[in-house]
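Just so you know, the protein sequences line up as chains A and B, in that order.
Residue 28 in my numbering is what sits at position 28 of the first sequence, and the numbering runs on without skipping anything.
Residue 27 in my numbering is what sits at position 27 of the second sequence, and the numbering runs on without skipping anything.
Watch out, some of these pointers could steer you wrong.
[Claimed, not checked] 20 Å max Cα-Cα, derived EDC-like pairs, lysine to aspartate or glutamate:
id : chain 1 : residue 1 : chain 2 : residue 2
1  : A       : K72       : B       : E178
2  : B       : K248      : A       : D98
3  : A       : K79       : B       : D180
4  : B       : K182      : A       : D97
5  : A       : K79       : B       : E241
6  : A       : K123      : A       : D98
Everything labelled a hint here was simulated from the structure, so no lab data went into it.
Values in this document were obtained by computation on a predicted structure and should not be read as measured data.
Okay, here's what each chain looks like letter by letter:
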Amino acid sequence: MSFILLSGTLQAQNKKQATGQPTAGTSIARGKIVYTNVCLPCHMADGGGVQNMNPPLANTTYVLGNKAALIKIVLHGFKEDVEINGSTYSNIMSAHDDLSNLQIADVLTYVRHSFGNKASAVKTAEVSQARAASKK
Amino acid sequence: MKNKQIFFAVFLSILIGGLLSFRSVNNDHSIRNHEAANADLTLPEGFNAVVIADNLGSARHLVATPQGDIYVHLAAPKNGQGILMFHVDGDKATLKSGFANFGGTGIAIKNGYLYASNSREVYRYKLDDKNQVIDPAKPERIVTGLLDRRTHAPKAIALDNDGNLYVNIGAYSNICSEFDPKKTGCPILDSAGGIWQFKADKPDQTYGNGIRYATGLRNVVGLAWNQQDNQLFVMQHGRDELHNLFPKLYTVHQSTELPAECMFALNKGDNAGYPYVYYDWIQHKNMLGPEYGGDGIKPADSKYINPVAAYPGHYAPDGLLFYTGNQFPEKYKNGAFIAFHGSWNRAPEPQAGYCVVFQPFKDGKPSGNWEVFADGFAGTEEQKASGHAVHRPCGLAQAPDGSLYVTDDSKGTIYKITYKK
């Protein structure tokens, strides 16, 4: 597992050096590392979340829908009382504005490509835009 | 002739094959029957478990009457009924009635009343001399206006012998960081993160009428009045995310095992130290929390009480029962059963808990090592490790014959555990 992650990182670095621009593939690999460190303790390795406490990240419009809204959840956390696919979740998600724009783009790209999700990548520019918009 | 021989040979092999397969089916069936007889649980020698009710919804706490009935509180009403009443006869529970338009966790019987809570209020129903609810449509509201900020919202309850009702009001936060950014003191403890005491018979009480009986308790779901000590015992759900929040101070593995899930014996005015301290069950020490200058080595201020017993991290104790029956072997008498709901904050390591633990007691205090009493609720090892447990123990009650009831709030199963010499 760590070997895969490590080779993913190396690959990511190599590609970044080669092209100067991270591609979707490398973004997913980097995003997986961010996910493992930051998101996995609550949302679980399979993105399934925890019943009644932490929402799942698969098959939900919160993840697959509007990207700006999704980015804002990562930046500011989430504590609204909402129903997701018929269930409610009681835990408060803390803000993760300490993550860089690249890290947020990577982790959301990973999440939108994992757990059975197939949605477009999140670009760093979209994160910086959402961050700037929420500071106004 | 040859054809006949071949036909006979084929016929014979089909017959034998059929008999063999019939035998194996028979064997499978008897194995399945045997498993079903133990309700897929593993128990100590001589104990037996059966499922007496199933698919009830999210069955939280329950209470048993001397007449053989049980009242089960559902987290959310099903068909408009938040409390289900069954009569238990041997291995079978028969649904007798359903009432209460509110879901919740807390349920208890004291002095001719059935008490039940939702996330903001406590109600009581008058019982007749057979412990049946007299007017299910008209409960009396005893406590109202308690905080429900979703996190740790269930209001578990217990009653003493002096007309008092104890209500857990959980801290609506992991470790209060968002409410105490400058670390000057957690402000939410004025109205949450503790046990409040109210009068058991006075209607419509709220914070102003109650007493903050004990504070510094993050969240309590399992609690019980110990009749030997005449004292309230509570099980605290310890904090989460030591590693995630302080990766330089705690390894992933330390964060999996720490902090302890704690059993406290409370006295009025006690402070168990949340969010400032946590208990390390490996070092057997109350520690200063990392948010308040702790580093995994610095001990806590001694003004905070120590637990009387401690259990591995994130097991989530949701039920506590002192066993006073005569059916189980002598060592269980006056000891504590704890229903552990099971972890989530052990990821990426395997999840754990999902069991009923027995804690031996001597002279009203924990004495000796705890042991897993009933296990296997989660299903396979894979289902357990991934956190996708099939059943999750929550409530405990003692039947009049000394059997033990366990609720499961995932599938809504009720187990009855008995002992035969």
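Results of checking the hints against the structure:
Between the alpha carbons of K72 (chain A) and E178 (chain B) the distance comes to roughly 18 Å, so the proposed pair stays at or under 20 Å and holds. Restraint check for K248 (chain B) and D98 (chain A): the C-alpha separation of about 16 Å stays at or below 20 Å, so the hint holds. Distance hint between K79 (chain A) and D180 (chain B) is fulfilled; the C-alpha atoms sit about 17 Å from each other, no more than 20 Å. Between K182 (chain B) and D97 (chain A), the direct Cα distance comes to roughly 18 Å. Compliance with the 20 Å bound is thereby established for this hinted pair.
For the proposed pair K79 (chain A) and E241 (chain B), the alpha carbon gap of about 18 Å is at most 20 Å, so the pair holds. Taking the CA atoms of K123 (chain A) and D98 (chain A), the gap is about 17 Å. The hint holds against a cut of 20 Å.
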